[in-house]
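**Q** Given next are the chains, with one letter for each unit.
Protein chains: 4
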Amino acid sequence: MTSTIDPGLRWDPTTLQDRYDEVRAYTETLAAPLSPEDQTVQSMPDVSPTKWHRAHVTWFFETFVLADNEAGFAPFQDRYWFLFNSYYEAIGPRYSRVDRGLISRPGAHDVGRYRANVDDRMRDLLATLDDGTLTKLASTIELGFHHEQQHQELLLMDIKHVLSRNPLQPVYAGSPTAASQPDRLGWVEVEGGLVEIGHGADGADAEAVGGDFCFDNELPRHEQWLRPYRIADRLVTNGEWLEFMADGGYRRHEHWLSDGWAKVQTEGWQAPFYWTEVDGTWFEHTLHGTWPVNPGLPVSHVSFYEAEAYAAWAGKRLPTEAEWEHAARSLPVEGNLANGTSWHPEAAGAAVPGGGLRQMFGDCWEWTSSAYHPYPGFRPAAGAIGEYNGKFMSNQMVLKGGCALTPAGHARASYRNFFPHQSRWALSGVRLADDDTSKGSTA
Amino acid sequence: MTSTIDPGLRWDPTTLQDRYDEVRAYTETLAAPLSPEDQTVQSMPDVSPTKWHRAHVTWFFETFVLADNEAGFAPFQDRYWFLFNSYYEAIGPRYSRVDRGLISRPGAHDVGRYRANVDDRMRDLLATLDDGTLTKLASTIELGFHHEQQHQELLLMDIKHVLSRNPLQPVYAGSPTAASQPDRLGWVEVEGGLVEIGHGADGADAEAVGGDFCFDNELPRHEQWLRPYRIADRLVTNGEWLEFMADGGYRRHEHWLSDGWAKVQTEGWQAPFYWTEVDGTWFEHTLHGTWPVNPGLPVSHVSFYEAEAYAAWAGKRLPTEAEWEHAARSLPVEGNLANGTSWHPEAAGAAVPGGGLRQMFGDCWEWTSSAYHPYPGFRPAAGAIGEYNGKFMSNQMVLKGGCALTPAGHARASYRNFFPHQSRWALSGVRLADDDTSKGSTA
Amino acid sequence: MTSTIDPGLRWDPTTLQDRYDEVRAYTETLAAPLSPEDQTVQSMPDVSPTKWHRAHVTWFFETFVLADNEAGFAPFQDRYWFLFNSYYEAIGPRYSRVDRGLISRPGAHDVGRYRANVDDRMRDLLATLDDGTLTKLASTIELGFHHEQQHQELLLMDIKHVLSRNPLQPVYAGSPTAASQPDRLGWVEVEGGLVEIGHGADGADAEAVGGDFCFDNELPRHEQWLRPYRIADRLVTNGEWLEFMADGGYRRHEHWLSDGWAKVQTEGWQAPFYWTEVDGTWFEHTLHGTWPVNPGLPVSHVSFYEAEAYAAWAGKRLPTEAEWEHAARSLPVEGNLANGTSWHPEAAGAAVPGGGLRQMFGDCWEWTSSAYHPYPGFRPAAGAIGEYNGKFMSNQMVLKGGCALTPAGHARASYRNFFPHQSRWALSGVRLADDDTSKGSTA
Amino acid sequence: MTSTIDPGLRWDPTTLQDRYDEVRAYTETLAAPLSPEDQTVQSMPDVSPTKWHRAHVTWFFETFVLADNEAGFAPFQDRYWFLFNSYYEAIGPRYSRVDRGLISRPGAHDVGRYRANVDDRMRDLLATLDDGTLTKLASTIELGFHHEQQHQELLLMDIKHVLSRNPLQPVYAGSPTAASQPDRLGWVEVEGGLVEIGHGADGADAEAVGGDFCFDNELPRHEQWLRPYRIADRLVTNGEWLEFMADGGYRRHEHWLSDGWAKVQTEGWQAPFYWTEVDGTWFEHTLHGTWPVNPGLPVSHVSFYEAEAYAAWAGKRLPTEAEWEHAARSLPVEGNLANGTSWHPEAAGAAVPGGGLRQMFGDCWEWTSSAYHPYPGFRPAAGAIGEYNGKFMSNQMVLKGGCALTPAGHARASYRNFFPHQSRWALSGVRLADDDTSKGSTA
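Chains as they are written, first to last, in our numbering: chain A, 1 to 443; chain B, 1 to 443; chain C, 1 to 443; chain D, 1 to 443.
No wet-lab data here; the hints were simulated from the structure.
Hints should not be assumed to be uniformly reliable.
The list treats identical chains as interchangeable, and a pair is accepted whether it falls inside one copy or across any two copies.
[Stated by the list, open to error] Keeping only pairs whose Cα atoms sit at most 27 Å apart, straight-line, the calculated BS3-like set for lysine-lysine is:
{"hint": "1", "residue 1": "Lys391", "residue 2": "Lys316"}
{"hint": "2", "residue 1": "Lys136", "residue 2": "Lys263"}
{"hint": "3", "residue 1": "Lys391", "residue 2": "Lys263"}
{"hint": "4", "residue 1": "Lys391", "residue 2": "Lys136"}
{"hint": "5", "residue 1": "Lys263", "residue 2": "Lys316"}
Every value quoted in this text rests on a predicted model; they were computed, and no experiment measured them.
Generate coordinates for the entire structure from the input sequences, incorporating the hints supplied.
**A** And the structure:
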């Protein structure tokens, strides 16, 4: 972590322990509706079984906190060390990612025992920390909180996919909102010029971008030059997407990037990922079950290629990461994030008087037109933790803002999420942007 | 079924009900050591999850017995009709075979409820059968018994594979036998000439070939001309296989069929399927756990290609189906079949005084050099049941004799098991044969 | 070669040289209509480029005749030794089969120079042979003749496929015959009992089965037991195949083997291999160009699976190899073989008065229901030549009788051709057979 | 084309005709050393056969110039319309790209006739152009010149790959330069700030960036903000690359992006694309034949992943596109471009006194760290020509500067070449860059 913020200052043993308990408990809350069988299945290579997520986040604390700091450390189980390493080459060999669904044992209950064991050992460690060690370890433990929150979101995205493959149309929890229609889309104009993006270097600034913690990929804060632009005040809706489809959106090559058009044909894309047509009506698989598509809700589970094609069809474009982040800078981090009752995007709500932005945080991760590349001056952390983000900086696009499955406290303007262009199983949506040609072009 | 034997004669409502209960209970006995997670995993396309086997054999009775004979029949669950059809095109669309491991629900417990429901309905039906219906249905119900026994064997072969993929080296049940050395291999000489194979057409004959029931593929009984031949008095052992390996068996092309040699190279075959070398010692995964290879036991989990290459290396050949069956004709159907305690082949035991055949039934299915083709005059049954065997008569080789996982009552000399040339996950082994050149050749 | 016939007796240096010149010249005649570009393309893995065939048959003489017998032997070009080895593991490493179309040099003209060089060296060798060496070498040289004839047939089958992939619809040579209608199909009844098949061991017998030479896989001659059967007096026609298609032949699972039905679906089979539908009319790509399907000609380029499905639909079956060979035994080896003007099957011609068999030799290779397995007592030759046939004896079916592309002198009743079940690019067709239930069954 | 430059002003019928003849003739000059067989092969999906390139660039003039402007236009051959369309969806269906090597006809000579026919028709058209039509067409004809030049470069890159697959180690033309050692690498410091990149909007500016013509993807010219940076004064050499390899460059995960490391393992990368190790010495396949790797020459045929890993190993980074272009702005477009005698990168030559940049144009296309995305305000041209560049703007990285195979007149500072991250068959190399931390960071 190259953050110049000292996270040790934000924590004492009590707050660290409380936060640890809180984050860890929420993972179990999310897994509670799922049977041992549900927790075992891997429905495609990108998906991990629920019990694997529960074990891997535990392994993270065992590996990066306990291993070097617990007296007489020994792993809970040698083979777990191998099974639950995700992608850290520096830690040693690991079990094949695509085969995670082949592992029936440890079962869901055994994973619970692993979690309890590491929790006990973490509590013992935290209870005996001196100030120097606290300062040294707080940064890694805090990273472990945010790591576990990332996996809470992934756990939900993944089980959504697992349940979607089942002809019994199972429900994770809850029930859907009432059908509604899209309201009018508005636009917000933004001045360009030399702006700064990336996580802020001091407290006042940090506040503005949504919290004190950041991942290394959000640094360093740096200048970018922006032309004047306009950005939509809400997400694109299912109703608007149905118009795109009705106008041949998935059949007309001229809207698509070449790689995207190839996917349309080889994968047979005709609609967003979880949509199915039955007797002329489109249904959508959600964590609440399978229901008719609701026109007023944001469209979700579309790839970058689809987002880009939709924007081309609409005569607009996607925002760049810098445009999105600059526009979001002064907004409070509020929205439809994971809240324990609804597990799906919601309608935008009433337009803001005077034209402010809606749905910038929560609902759907928003595709930008920016490649996920390092910021100028980026340096990954030393050691295995340096593999956390940096090595993935190719062939992916940045998404901003969080979604309905993002835990509260895990969203901020500078957050850089990333997925490959063709990914659809993440809870991703679309916000349009446009050049502001009413302003004099700067070139 | 084209059998000319009338199975109705062998059954009355009581014996049918008793046998039904017995067969159904044994499936649950076999599944009992397995957790819900164990029962969910599909570790490769050939493997089905335990709970799928438990449900499918139930679906068989629901589909082929209840559907046309139960008053006011409705399937237990419409989607089960779709999920648990294995390969019967005539029954309608079915769920993709390679995706059986993606289905977490119904869970293991739900499948138990499905089984109980069908059992109740079967009992109700059997309790009210008139004689005419009994005669009509007994054949199909009896087929259902043997169908469920086939899946009992497959359930064990499949869970063996599932557990083998797990680095925790799990145990299904039991413990291995003590290490032993191979005894001397003997040979039995058999006269050739015009012999008959296939299941017998009358009671006396049926007795000779191992029971009254047969599948349609064992018919009709017919002549084949055999040259004089010799057949080994026991299976090839692990100890002998180690000699083959030590002599470059997996590295010398000259022993192999071209397709087999291609598999050696593309699959990296270096030993039988479940063997792993650790620091110079070969270990074998079994249902009893992972143990050093025992030289005295029959080699198992080798493909047809390996069996054929071994025979070529040894200067011998595999027996044809007709040679095997003719040699087995007069033997009692006894051997190391599924017995509730050992789930692995055993050593051959002492040579028979005077040179009789050992291990013909049980231990390992024995590869023959015969393609699995229809017997002259074969006609599959009418309707969906006709898909049971006939449509698989290409690209497979016949195996004979049963194995340590075959339920008692499910082995006989005329039984034709079949697998593709490259299959290794079945419990298959090798018995050698040879031309008897001491006799005057007939050509 | 385990033949007990001594081919040395059939040859003296002059006849050997004359036959050598004749066979070699015919290859060049067949290649003459093809441009350098035509001779370079490999349109699928099973196909080899024309210039590769021309070089490989040359390599065969260089490797198996010259290498051990020419004074001061050195290969024409070291890399040719590597490039033009087909599948002989014992000769050393070889160039990848699927990449034969990547090799632009040596070009067609360079291959001509290679051929001329080996021809000169072969002539020098033959001119100086003493009697002992003649006896020793004649067998291998004669094998080289038949080997080159096999590749003459393959050269034509392969270039047919190459040209078929070209939207310009190129013509190899010649023009098609006039449209005709199928005549009436007749049946010939054959007594069964204990018959002999395989190439004969003495001259008189050899004459009966079509010539003195045979490949090792045609030996030994041996007994088989046949039930009484009937065999169709001509091949199935395009007109009859159109009826099969019109009756849903490619859409109804009940006629198909399971593996065949899978191919129908994954490959989208709707008609024979070279047929294309344009505006409701079926056209067929031939070496004479692309023309409307001619109903009176034999159907060709169908796989074993299609042949088997057609027979099932027709309520008949395919003949076994033994049935076919036994029926063909007494017939002269005459028919539509390669003749320099027509490169396609022809209509059967008038029925034989009294009901004799037509089209047994030439027109189309005829699928049998017999797996390509070794005959009882088969032993491959020693050394690299032993790889010629034996190692391919798995996963293939036997075809009999030759086709319109088979060179004269290369067909006989005992000839065993073989292709995988799904192969369609070979010139294969269908003859029906049936049980003769009018005779008392022998079982 | 959104260029605001009017190309009509640069051309009159005579200069247009002269340039047409010149460009067209050079294609034939490049193809002259290649046999018909050489011109037919497609050695991998990215490669096109030489005769396909020769035909496609002809098709371009026929389609985009003649079709709408020639009186009584008809295509030379209907099927050519289909065969030689590369990727223009708007033009209609096209022949499969990966199957271009399956087409033997039209042969190389037939393609020559196609070229001559279109040349005649183009000359007729140009001879009769009125001024208005000239103005209208000059832009498209000029695009055709640059299009053909792109394919001249591709023709050479592609035939290099075709010949590389041949164990005969064929030579395209010429011979290699003498072995040399790398000289000392120097660095040039560049001030950052607000700079402009993209093709210039007026004549004076255009001169500075290398000529009057540009592709649509080089527009619009626009601002970017740069931090102070340093850029290497020459390309990385083979000698330096051997040090990287000796230090475990291809075996140490820590230098690699995750996607790149996966390629190292699945593709077995151990050295640049055309290098082979024989008995401890590295050889390189070139258009001049196969020779020992020359340490003093620039390393070539490395992927983005390798370039990036090398930079990480060296403690440096790749330049961004803007950094590269800004540094190149004031340099003359001179260097080792295609010159008719050497077809390979050359050594950098003596350092520039005072430290100027060397090898910025020619030798190797230089990987940048910038994704190939549209410039702010980019709009593709209307109609089929709009597919020329825009639809490929995903999953690719920008390369700058041209290479030893780039025709003179086809390089400029604003030129944006692009290839996928894993591409190695293009003539790509590496120039290092670094942050200039001696300057005060701006963030």
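**Q** If the cutoff is 27 Å on CA atoms, where do Lys391 and Lys263 land: within, between, both or neither? Let me know, please.
**A** Close inside one copy (25 Å) and across copies (13 Å); limit 27 Å.
**Q** Since the copies are identical, ignore which copy is meant and state whether Lys391 and Lys136 lie within 27 Å (CA to CA) inside a copy, between copies, both or neither.
**A** Close inside one copy (24 Å), not across copies (49 Å); limit 27 Å.
**Q** Within a copy, between copies, both or neither: where do Lys263 and Lys316 come within 27 Å Cα-Cα?
**A** Cα proximity of Lys263 and Lys316: one copy only (22 Å, versus 36 Å across).
**Q** One pair to classify: Lys391 and Lys316, alpha carbons no more than 27 Å apart. Within, between, both, or neither?
**A** between (32 Å within a copy, 16 Å between copies)
**Q** How would you label the pair Lys136, Lys263 (within, between, both, or neither) given a Cα cut-off of 27 Å?
**A** Cα proximity of Lys136 and Lys263: none, with 47 Å in one copy and 36 Å across.
When each numbered hint is compared with the structure, a violation occurs for hint 2 only.
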